[in-house]
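Q: Sequence:
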Amino acid sequence: MDGIQQFSLAGKVVVITGATGVLGESFALATAAAGAKVAVLGRNQERAEARVEAIRAKGGEAIAVITDVLDEHAVRDAKDRILATWGTIDGLVNAAGGNIPGATIGPDQNLFDAKIADTQKAVELNLFGTVIPTHIFGRVIAEKGKGSIVNISSLAAQQAITRVMGYNLAKCAVEGYTKWMAVELAQRYGDKVRVNAIAPGVFLTEQNRTLLTNPDGTYTDRAQRFVNNTAYGRMGSPEELTGALIFLLSDASGFISGETILVDGGFNAWSGV
Numbered sequence: 001m002d003g004i005q006q007f008s009l010a011g012k013v014v015v016i017t018g019a020t021g022v023l024g025e026s027f028a029l030a031t032a033a034a035g036a037k038v039a040v041l042g043r044n045q046e047r048a049e050a051r052v053e054a055i056r057a058k059g060g061e062a063i064a065v066i067t068d069v070l071d072e073h074a075v076r077d078a079k080d081r082i083l084a085t086w087g088t089i090d091g092l093v094n095a096a097g098g099n100i101p102g103a104t105i106g107p108d109q110n111l112f113d114a115k116i117a118d119t120q121k122a123v124e125l126n127l128f129g130t131v132i133p134t135h136i137f138g139r140v141i142a143e144k145g146k147g148s149i150v151n152i153s154s155l156a157a158q159q160a161i162t163r164v165m166g167y168n169l170a171k172c173a174v175e176g177y178t179k180w181m182a183v184e185l186a187q188r189y190g191d192k193v194r195v196n197a198i199a200p201g202v203f204l205t206e207q208n209r210t211l212l213t214n215p216d217g218t219y220t221d222r223a224q225r226f227v228n229n230t231a232y233g234r235m236g237s238p239e240e241l242t243g244a245l246i247f248l249l250s251d252a253s254g255f256i257s258g259e260t261i262l263v264d265g266g267f268n269a270w271s272g273v
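Per my numbering, residue 1 is the first one in the sequence shown, and the count goes up by one each step.
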């Protein structure tokens with residue numbers, strides 16, 4: 001396969017967790033536009049069905065699967081439904097996750113004020129919300145000997161981002177897990193099984209909206225500091241993540257595994273000076 005055809009997802013079945021979120025919506029629409037059959041996973045049935053309707057309206061193929069990624073039995077049921085519908089799984093996008101308010105340190109607090117129980121919830125959602133789907137859907141990919149797993153990490157795994165301790169801890173763990181799984185699966189199942197990650201920079205989502213916007217929609221001081229320290233001078237839009245995602249799911253990235261692609265408008269590269 002040569003040229004632009006390397007980036008096609010035609011005929012591939014891609015499972016996307018967290019597909020009812022802001023970033024997940026872009027992932028679902030983009031993978032479908034690239035030719036994939038998309039399993040839209042999330043906890044919100046109305047949103048999941050809306051994603052499916054949007055894909056089908058453009059001639060794509062998709063199903064909505066209501067699933068809690070922390071419920072192992074529910075994820076296994078989701079796997080069974082997907083296999084009953086399409087017979088295989090070629091790609092997995094672990095996009096479920098986000099920050100938890102109780103795991104966020106207030107502007108007048110320090111790390112010792114963080115709620116341990118909420119910090120554990122943030123780690124559970126972001127880390128085990130990746131581990132559980134990978135062990136269940138990823139096994140299908142591994143046993144067929146070909147496919148791609150893409151984990152959604154964060155800039156918070158590259159640099160210390162203040163106040164979001166639980167989220168920072170979890171995303172660092174996700175990147176370590178990405179490298180470990182890349183090696184483990186390659187050595188046991190061959191060189192056609194890949195595991196990589198995407199680390200978004202600053203994107204406005206449901207989970208971080210209260211940290212980054214005021215009630216009137218203007219940026220908070222924190223959000224403006226992010227913008228000021230991004231080389232592009234702005235936040236990213238969800239659609240700007242999808243090129244990296246299509247690349248990592250497609251055959252074009254066939255010799256790439258264990259890597260993280262930063263999509264951050266130059267934030268990580270810039271010293272601020």
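Calculated directly from the structure, the hints in this document are not laboratory data. There may be inaccurate statements among the hints.
Said to hold, decoys possible - When the alpha-carbon atoms are kept at most 27 Å apart in a straight line, the in silico DSS-like pairs for lysine-lysine are as follows: (1) Lys192 with Lys79; (2) Lys179 with Lys121; (3) Lys144 with Lys79; (4) Lys179 with Lys79; (5) Lys146 with Lys121; (6) Lys192 with Lys179; (7) Lys79 with Lys146; (8) Lys144 with Lys121; (9) Lys146 with Lys115; (10) Lys58 with Lys121; (11) Lys79 with Lys121; (12) Lys79 with Lys58.
As the list claims (entries may be wrong) - Using C-beta positions, here's what the derived DEER-type ranges look like: (13) Asn228 with Asp108: 20 to 30 Å; (14) Leu70 with Val183: 20 to 30 Å; (15) Lys115 with Glu72: 39 to 49 Å; (16) Asn110 with Gly87: 14 to 24 Å; (17) Gly272 with Asn110: 39 to 49 Å; (18) Thr218 with Gln5: 43 to 53 Å; (19) Gly217 with Asp80: 37 to 47 Å; (20) Arg76 with Lys179: 22 to 32 Å; (21) Gly11 with Gly272: 18 to 28 Å.
Everything numeric in this text was worked out from a predicted model, so none of it was measured. Ideal Cβ placement from N, Cα and C applies to all residues, glycine included.
Q: Going back to the hint list, which numbers does this structure go against?
A: 5, 8, 9, 10, 15, 16, 17, 21
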